[in-house]
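Sequences listed follow chains A and B, in order.
All the letters of the first sequence, read from the start, carry residue numbers 71 to 529 under the numbering used here.
All the letters of the second sequence, read from the start, carry residue numbers 71 to 529 under the numbering used here.
Take these hints with a grain of salt, some might be off.
The list cannot tell twin chains apart, which means a pair is met if one copy fits it or any two copies do.
[Claimed, not checked] Here are the computed lysine-lysine pairs in the PhoX-like style, where the Cα-Cα straight-line distance is at most 20 Å:
| no. | residue 1 | residue 2 |
| --- | --- | --- |
| 1 | K376 | K196 |
| 2 | K523 | K358 |
| 3 | K376 | K516 |
| 4 | K516 | K162 |
| 5 | K196 | K162 |
Please keep in mind that the hints were generated in silico from the structure rather than gathered at the bench.
Predicted, not measured: the structure shown is a model, and the values here were computed from it.
2 protein chains.
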Amino acid sequence: MSKIPNRILLTENELPKQWYNMMADMPERPDPYINPQTMKPASVEDLYPVFAEELCKQEFATEQYIDIPEEIQEKYKMYRPSSLHRAYALEKALQTPAKIYYKYEGSNTSGSHKLNSAIAQAYYNKQQGITHLTTETGAGQWGTALSMACAFYDLPLKVYMVKISAEQKPYRKAVIETYGGTVIPSPSNTTNAGRAILAKDPNCTGSLGTAISEAIEVAVSTPNTRYVLGSVLNQVVLHQSIIGIEAKMQMEKIGEYPDIIIGCAGGGSNLGGLISEYMHDRLTGKKKPYFIAAEPAACPSLSRGKYAYDFCDTGHVTPLARMYTLGSGFIPSSIHSGGLRYHGMSPIISKLYHDGFLDEARALYQNEVFDAATFFAKTESILPAPESAHAIAAAIQEAKKCKETGESKTILFGLTGNGAYDLAAYMNYHSGKMEDYAPTDEELEKGFATLPKIPGIQE
Amino acid sequence: MSKIPNRILLTENELPKQWYNMMADMPERPDPYINPQTMKPASVEDLYPVFAEELCKQEFATEQYIDIPEEIQEKYKMYRPSSLHRAYALEKALQTPAKIYYKYEGSNTSGSHKLNSAIAQAYYNKQQGITHLTTETGAGQWGTALSMACAFYDLPLKVYMVKISAEQKPYRKAVIETYGGTVIPSPSNTTNAGRAILAKDPNCTGSLGTAISEAIEVAVSTPNTRYVLGSVLNQVVLHQSIIGIEAKMQMEKIGEYPDIIIGCAGGGSNLGGLISEYMHDRLTGKKKPYFIAAEPAACPSLSRGKYAYDFCDTGHVTPLARMYTLGSGFIPSSIHSGGLRYHGMSPIISKLYHDGFLDEARALYQNEVFDAATFFAKTESILPAPESAHAIAAAIQEAKKCKETGESKTILFGLTGNGAYDLAAYMNYHSGKMEDYAPTDEELEKGFATLPKIPGIQE
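The task is simple: from the sequences and hints, build the whole structure.
So this is what it looks like as structure tokens:
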């Protein structure tokens, strides 16, 4: 066979026409969502005021494959199929016998995989006749992706952006505005939730919890308006399955099957998307690749969290999900620069981990993560997003093990995004003042103390 | 024939193995460089103290094709061949019968086409045993590309960055440092040129001219050190020919030949690269595509400049070239946000324009350019670099003409880079305070007054 190319490409005719739904093959499914008003299991209709109906249905869907509407396929074709890369330069620099591959999702303007779900969510809302969307954004990756998707479907979008982020990241605001989104620093005086907080503290710099509360308040109180979310939910994991379906096709083209699959994990959308059809092989007993979730030591929801019912937001307005969580009151230290700061984890990913199908959650310290990011940039040329660099760091660890043992394992990891908008974190790293940090057991206990009590379910 | 895809891809086996040299087919070549010390035509050896020898030879080369060394091909394969895009969404939004294509060079981390020449220049320096490189950067695009290339070849790099730029664009500095480059705000106390300026004005915020002088001083006074430049030179146009060679292959794959080819033009490296093999067709009489150089009204070197000998830098240390120029003393107004601020133009491009092979130089006002950039982003999804948006604006003008006449012309333009690092310019545009500007005739005369007198050649 001729040499495997640096980039394994697919034509747009090969773009997957269906998403894969891991729920179909799981021996046990995640526990049901709980309605925060009734504290009873939520029905699909309970979610209608917040999300588009088709997306609510996807939240509960158990079909193995779900058609990707042609209009979404057309939008995907502007930047997909994405490339799979053989990391020849990285392998050489590491002097490892391992074969390293990565699936690169950062070549679109939003800079990350988030666009895959943003397009789908904007489309289904448009189809239903929804005329306005709201969302929140912290670092800005999701707000950017959604503003692009809303431009494609001519949907006005309000992005509640954590005030301190909006001030510190004016460029993120500028991209969102270029695509037509409106950025509202949160807390704002446009909602009851925002006004209440400002009344107490006019100088409040905001939090993701407050931003979610504002975005949902506007969605449920404005005609024809809905809220959208960029991670955690089952629908998002479903949309992101296109990453793994493509990756598997690309690996098959060159006759490869990964021994180890590594994804970074914050809310779980990328990891869930990357493993998708490989997890199908595992769940159905065909193959047994080894799955690693790479997460920050500063926010170790899988490796040190509890599998419990929790709110998806710190504002406590969303349904409760059973997931690995540090407690919605857990706030990662501000000295952590690497992203992936979410307190919980996708219910699907959580269940797979709980039941032993996801093999390992590996917590990484940020200096090792940025060492890996810089080493990767210098060898493979792409500047990775700090989130993605968690997966790189874990892949390098595995490749070094191969060097020791002489094994030529095949490693696949997800490179979820590029770091063009994350240079403040790199500057922090270059300054030499980046500190490694992991919460103490006491700090974790404080977070767990914020877990909700649910009569008859979680006392 | 089946529908033309959104993205026309090439495999890495199809990566061009030779650069194309327009000099070979030009009925008359550009006038020779002049040595600024002797004011006589420069020999290839005159350039050796400044540039690597192989690059000096390329500066004078007249062969039609020059082999791309395999080691350079290997580096190119990490991000090339680049994709050619059919702008379906843009066409639809414009309701034009024109078919619009663009060659996208912005998907690598440096964000632009500059990497194509940076890799080649770093390689040839490394081959010669050069151990250190110097360069200057203004906005930072070239400094970023070169720092990446130097990382590949393990070559220490000093980037003299205009001080005000280094202060205003800390993220650019951070990328360059991530790839191992050293950024020195210019003027600095590391050179005689810098110290002399600081002695006069300790608060001097710097200029490109000063930065070039510092970079060249270090190169010629330090053992095994050379200087590299990202545009204007013949060698750079040669390296960038890979853009046009690929684009022509891609267009041929789908049975298309462009009626109109549009490139943005600052120093001319992108335009020269994009037109390359299409210009071959024109020069050899095979075909007659219509070539448009899109430039800013604020810095209209081709459309309002003089075809004359001038210094390539404002510091007057480089060889003199005959080119279209506004005079090395011309400084574009600070209200201009769109890049492409160079006072001159590649000698090859200048000669082609002077002799009527490059058909038109079109000067565009910046509000129209940013209108086009935003319209393009919302339809085609990619956020363009402001430089590239000059070509987009001209392409939209041509597509609108087609709508009026009903003609279905085929338009190809170069999308040289993405705008991820240019959001300050977009913010200026969003503020509604962006002013259109073109120099008055009087302002141009002041620039022309700085043209050098060369005994017997230019009095």
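A quick look at each hint next to the structure:
Proximity of K376 to K196 under the C-alpha cut-off of 20 Å is found in neither arrangement, the shortest distances being 38 Å within a copy and 54 Å between copies. For a Cα distance limit of 20 Å, the shortest separation of K523 from K358 qualifies neither inside one copy, at 38 Å, nor across copies, at 76 Å. Taking the shortest alpha-carbon separations for K376 and K516, only the intra-copy value of 13 Å comes in at or below 20 Å, while the best inter-copy value is 73 Å. Taking the closest pair of Cα atoms, K516 and K162 never come within 20 Å of each other, the shortest separation being 45 Å inside a single copy and 55 Å across copies.
For the identical chains of this complex, K196 and K162 are inter-copy neighbours only, at 19 Å across copies versus 48 Å inside a copy, given an alpha-carbon limit of 20 Å.
Hints 1, 2 and 4 from the earlier list are contradicted by this structure; the remaining hints agree with it.
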